[in-house]
Amino acid sequence: MTAFICTRFAQSILVLFIMSLLVFGGVNLVGDPVEMLINPEADQAEVERVIRELGLDRPVTEQYWYFLVNAFKGDLGSSFIFGESALKLIIQRMPATLELALFSLFISLIIAIPLGIYAGYNPDSKASKVIMAGSILGFSMPTFWVGIIFIMIFAVQLGWLPSTGRGEIGTFMGINSSLFTLNGLSHVFLPALNLALFKISSVIRLTRAGTREIILQDYITFARSKGISEKRVVLIHVLKNILIPIVTVVGLEFGSLIAFSTVTETVFAWPGMGKLIIDSIYNLDRPVIVAYLMIIVTFFVFLNLIVDIIYTFLDPRVRIKGDHQ
Amino acid sequence: MSPKLRKFLEFCKDFSSNKVALVAFFIFLLILFVAIFAPLVSPTNPYDLNTVSIMNSRLPPFSEDFSGNYFLLGTDGAGRDMVSAIFYGLRVSLGVGVLSGIFALIIGSFFGISAAFFGGRYESIIMRIVDIQLSFPSILVALIILAAFGKGVEKTIIALILVQWAYYARTARSSALVEINKEYVDAARCLAFGNTRIMFKHILPNCMAPLIVVGTLQTAHAISLEATLSFLGLGLPITEPSLGLLIGNGFEYMYSGDFWISIFPGVALLITVASINLVGDHLRDMFNPRLH
Numbered sequence: 001m002t003a004f005i006c007t008r009f010a011q012s013i014l015v016l017f018i019m020s021l022l023v024f025g026g027v028n029l030v031g032d033p034v035e036m037l038i039n040p041e042a043d044q045a046e047v048e049r050v051i052r053e054l055g056l057d058r059p060v061t062e063q064y065w066y067f068l069v070n071a072f073k074g075d076l077g078s079s080f081i082f083g084e085s086a087l088k089l090i091i092q093r094m095p096a097t098l099e100l101a102l103f104s105l106f107i108s109l110i111i112a113i114p115l116g117i118y119a120g121y122n123p124d125s126k127a128s129k130v131i132m133a134g135s136i137l138g139f140s141m142p143t144f145w146v147g148i149i150f151i152m153i154f155a156v157q158l159g160w161l162p163s164t165g166r167g168e169i170g171t172f173m174g175i176n177s178s179l180f181t182l183n184g185l186s187h188v189f190l191p192a193l194n195l196a197l198f199k200i201s202s203v204i205r206l207t208r209a210g211t212r213e214i215i216l217q218d219y220i221t222f223a224r225s226k227g228i229s230e231k232r233v234v235l236i237h238v239l240k241n242i243l244i245p246i247v248t249v250v251g252l253e254f255g256s257l258i259a260f261s262t263v264t265e266t267v268f269a270w271p272g273m274g275k276l277i278i279d280s281i282y283n284l285d286r287p288v289i290v291a292y293l294m295i296i297v298t299f300f301v302f303l304n305l306i307v308d309i310i311y312t313f314l315d316p317r318v319r320i321k322g323d324h325q
Numbered sequence: 326m327s328p329k330l331r332k333f334l335e336f337c338k339d340f341s342s343n344k345v346a347l348v349a350f351f352i353f354l355l356i357l358f359v360a361i362f363a364p365l366v367s368p369t370n371p372y373d374l375n376t377v378s379i380m381n382s383r384l385p386p387f388s389e390d391f392s393g394n395y396f397l398l399g400t401d402g403a404g405r406d407m408v409s410a411i412f413y414g415l416r417v418s419l420g421v422g423v424l425s426g427i428f429a430l431i432i433g434s435f436f437g438i439s440a441a442f443f444g445g446r447y448e449s450i451i452m453r454i455v456d457i458q459l460s461f462p463s464i465l466v467a468l469i470i471l472a473a474f475g476k477g478v479e480k481t482i483i484a485l486i487l488v489q490w491a492y493y494a495r496t497a498r499s500s501a502l503v504e505i506n507k508e509y510v511d512a513a514r515c516l517a518f519g520n521t522r523i524m525f526k527h528i529l530p531n532c533m534a535p536l537i538v539v540g541t542l543q544t545a546h547a548i549s550l551e552a553t554l555s556f557l558g559l560g561l562p563i564t565e566p567s568l569g570l571l572i573g574n575g576f577e578y579m580y581s582g583d584f585w586i587s588i589f590p591g592v593a594l595l596i597t598v599a600s601i602n603l604v605g606d607h608l609r610d611m612f613n614p615r616l617h
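Going down the list, the protein sequences come from chains Z and C. Under the working numbering, the first sequence has 17 at position 17, and the numbering climbs by one with no breaks. Adding 325 to a residue's 1-based position in the second sequence gives its number in the working numbering.
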């Protein structure tokens with residue numbers, strides 16, 4: 001067990017190291033680092049000063065070492081546009097992204113679990129076929145395009161919901177979030193539904209498959225033979241048992257919601273990390289790009305590490321395999 | 326009738342048993358035809374500055390200009406006919422998607438089959454890399470590549486290959502592991518054939534069925550991902566207007582109610598991706614021994 005965690009930890013560090021090489025290589029070697037790292041408006045004297053300061057006149061290996069050392073200190077440079085620390089900019093925008101991802105996770109579960117149970121419980125009914133066809137369509141629809149359609153229908157034509165930005169921010173139990181005000185909720189609804197769409201399709205399929213399997217189990221037959229109403233069988237016995245795998249998978253896939261929020265945030269002008277990185281790429285704001293990539297990769301590497309460790313607790317087979325390696 | 330032909334006809338019959346998949350396949354063939362022959366089938370060349378007039382910009386669907394040109398799906402902000410722009414866009418989107426899919430298939434099956442064949446440390450290193458890569462969402466991998474190295478046609482294709490190869494490698498390895506223990510591989514070894522010949526002439530053809538299934542689903546995914554990246558302004562440059570870029574261009578006009586500029590390219594994208602997905606889904610069911 002300990003050996004398994006240690007190998008995985010070492011592997012995570014290795015992945016981070018390779019990613020830092022890739023990001024460093026991309027930004028510093030492929031293009032002209034002077035052009036990329038120095039504000040284009042700077043004059044010649046300033047350019048020379050910065051070249052010396054950034055150590056661009058030194059060997060590449062030495063430069064990479066400084067990049068690593070500074071990254072460990074939490075110094076990933078300052079934004080050209082905002083003039084602030086890149087790291088700080090990203091951390092400021094993190095709550096907006098997390099809030100969007102959490103709310104869309106909530107929406108996807110609320111919608112998908114009942115539909116999935118229904119489709120699994122009545123696999124041959126017309127409605128189930130419509131649900132399953134809908135889930136294939138959900139897989140095929142490009143998220144950003146659906147976002148545009150949402151804006152067109154609900155914001156431009158009907159005028160029901162706002163389509164851009166984050167609404168008023170309320171405070172509840174010391175947490176600031178727009179989920180605590182009505183205006184904030186109206187702003188978060190469309191982007192969250194858009195982000196949830198892909199998840200809804202996959203959770204429907206997962207729930208349907210789980211329900212079909214569980215319905216055949218002995219304990220369901222036993223519950224029925226005791227004379228428990230069908231409603232209770234579905235709501236208590238089936239629901240409880242499918243929730244375990246669904247919560248695991250969906251919880252673990254939370255990271256992909258954060259990655260995909262880049263798209264949704266851009267469409268709905270949601271002021272989160274994802275919009276920041278896209279804007280920074282447009283503006284060639286290199287320090288922010290480097291900082292974002294390093295932060296997001298670190299986040300994923302450690303998320304995966306935690307997932308692996310949780311799995312070893314849930315599924316002993318993984319643990320045994322890990323010890324043998 | 327030769328056995329090969331009979332086998333093929335049997336496959337066709339099997340495939341046609343699912344009407345939805347059959348229709349989807351014909352729709353995909355139509356899209357492929359339009360994409361390949363875009364210059365011949367489009368009413369106008371949307372990128373020929375001599376025929377495009379800014380006077381025609383943002384005409385709604387079913388409208389005509391003063392010289393009698395008919396625009397079935399309207400025009401975009403620069404006065405280009407949307408039908409033609411979509412046809413040319415399909416060409417770019419399908420081209421990038423299929424090209425990256427083929428490269429990823431070659432690279433992925435090379436590493437997958439050789440990993441299964443040689444085993445040992447080589448196998449565990451390759452499969453570890455595959456596992457690590459699959460733990461990152463595809464959009465994140467593409468975003469890292471394109472944010473670090475900049476946008477462009479080759480870079481987009483490289484990003485899409487990097488996103489996909491791991492799926493092919495995993496599939497190729499798992500089916501090669503089964504094939505390696507079969508007698509024909511022992512026979513080939515007894516004849517002292519070289520490793521390369523056994524791997525790619527004997528094992529690879531027998532791993533093709535699952536690879537084709539993964540290939541169709543992955544190509545649909547790649548087309549969708551390319552559209553997303555191009556929409557975000559990270560993928561293809563404006564000189565290669567794919568469907569994603571067309572949708573992105575139309576996004577500016579959304580708030581003034583000119584819905585057709587971004588809706589129709591999106592519908593084209595949706596139909597393309599959905600038809601490939603439906604075909605792939607059916608192929609997967611056909612090749613899945615557990616369902617028979």
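To be clear, the hints were calculated from the coordinates, so they are not data collected in a lab. Treat each hint with caution, since some may be false.
What the hints assert, rightly or not - Over the 12 angstroms line for every Cβ pair with chain Z, so calculated as not near, a few chain C residues:
1. Phe333
2. Leu357
3. Pro385
4. Val423
5. Ala467
6. Ala473
7. Tyr509
8. Thr521
9. Phe525
10. Asn531
11. Leu568
12. Ile572
13. Asp583
14. Asp606
What the hints assert, rightly or not - Covered stretches of chain C, as calculated for chain Z (at least 3 residues, CB under 8 angstroms):
15. 409 to 416
16. 436 to 442
17. 486 to 496
Glycine included, each C-beta is placed from N, C-alpha and C at the ideal position.
Evaluated hints:
no.	hint	result
1	Phe333	holds, 27 angstroms
2	Leu357	holds, 17 angstroms
3	Pro385	holds, 14 angstroms
4	Val423	holds, 17 angstroms
5	Ala467	violated, 10 angstroms
6	Ala473	violated, 3 angstroms
7	Tyr509	holds, 31 angstroms
8	Thr521	holds, 29 angstroms
9	Phe525	holds, 29 angstroms
10	Asn531	holds, 27 angstroms
11	Leu568	violated, 9 angstroms
12	Ile572	violated, 6 angstroms
13	Asp583	violated, 10 angstroms
14	Asp606	violated, 7 angstroms
15	409 to 416	violated (count 0)
16	436 to 442	violated (count 0)
17	486 to 496	violated (count 0)
Against the hints set out earlier in the document, violations occur for numbers 5, 6, 11, 12, 13, 14, 15, 16 and 17.
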